[in-house]
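Novice: Let the sequences and hints guide you as you build the complete structure.
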Amino acid sequence: MRKALIVDDHPFIRRIVRTVLEQSNFQVAAETDNGATALDLARFHLPHLIVLDLSMPKLDGLEVLKRLHILGLPIKVLVLTSKGAPYFADRCIRAGAIGFIEKTEDVDALSKAINQVMNGQTYLSNVDANLPPQECQKMNDVELLKTLSDRELHTLQYLVSGMSNKQISQIMLLSEKTVSTYKIRVMAKLNIKSVVYLAEFAKRNNLIA
Numbered sequence: 001m002r003k004a005l006i007v008d009d010h011p012f013i014r015r016i017v018r019t020v021l022e023q024s025n026f027q028v029a030a031e032t033d034n035g036a037t038a039l040d041l042a043r044f045h046l047p048h049l050i051v052l053d054l055s056m057p058k059l060d061g062l063e064v065l066k067r068l069h070i071l072g073l074p075i076k077v078l079v080l081t082s083k084g085a086p087y088f089a090d091r092c093i094r095a096g097a098i099g100f101i102e103k104t105e106d107v108d109a110l111s112k113a114i115n116q117v118m119n120g121q122t123y124l125s126n127v128d129a130n131l132p133p134q135e136c137q138k139m140n141d142v143e144l145l146k147t148l149s150d151r152e153l154h155t156l157q158y159l160v161s162g163m164s165n166k167q168i169s170q171i172m173l174l175s176e177k178t179v180s181t182y183k184i185r186v187m188a189k190l191n192i193k194s195v196v197y198l199a200e201f202a203k204r205n206n207l208i209a
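So in my numbering, spot 135 of the sequence shown is number 135, and the numbers just go up one at a time.
No lab work stands behind these hints: they were computed from the structure.
Zero decoy hints are in this set.
Derived DSS-like pairs: lysine-lysine, alpha-carbon spacing no greater than 25 Å straight-line: (1) 76 / 112; (2) 189 / 166; (3) 146 / 66.
Specialist: Below, the structure written as structure tokens:
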């Protein structure tokens with residue numbers, strides 16, 4: 001039987017995903033609420049599929065994807081997240097995920113995504129190239145976001161969540177000076193002059209809940 005690993009910091013989401021996986025003839029080998037443990041479990045169980053959230057303690061989903069790629073594990077990954085911006089879908093696929101689905105989708109869509117990913121086909125949730133005029137600003141923002149490195153993106157998210165440079169440095173295991181440098185780079189690349197406008201930018205692009 002095919003094995004799966006569930007990685008999400010919300011027990012309710014993990015329960016729903018488990019049900020859908022079991023209905024799709026998967027054995028759930030393990031589940032966890034953080035990225036660091038996810039890597040250990042992936043190495044131990046070698047699941048056929050990982051259903052992975054992006055925002056988690058200890059290690060976020062993008063970093064998990066990068067490290068899975070470095071490890072060279074033959075595991076298919078479906079990202080299941082509340083971060084529905086096209087930018088995140090693009091970044092996840094480039095990092096090694098095969099599918100990207102939003103948590104706003106129903107269980108039938110999740111089941112379809114799982115089957116499609118297991119068949120080696122890319123699944124993208126609600127990523128539509130034919131956007132209405134009001135979405136033009138978001139598409140321009142996406143191009144700006146693509147200029148950010150992963151660490152710059154993480155710094156942005158932590159900043160707009162209200163964290164200080166010191167708190168961010170502790171989470172990212174960096175010096176406060178380095179965090180300050182990332183902050184300056186982010187604001188320069190996005191052409192934003194204050195944290196207030198940075199928060200507006202982040203909210204507009206679904207970078208924060």
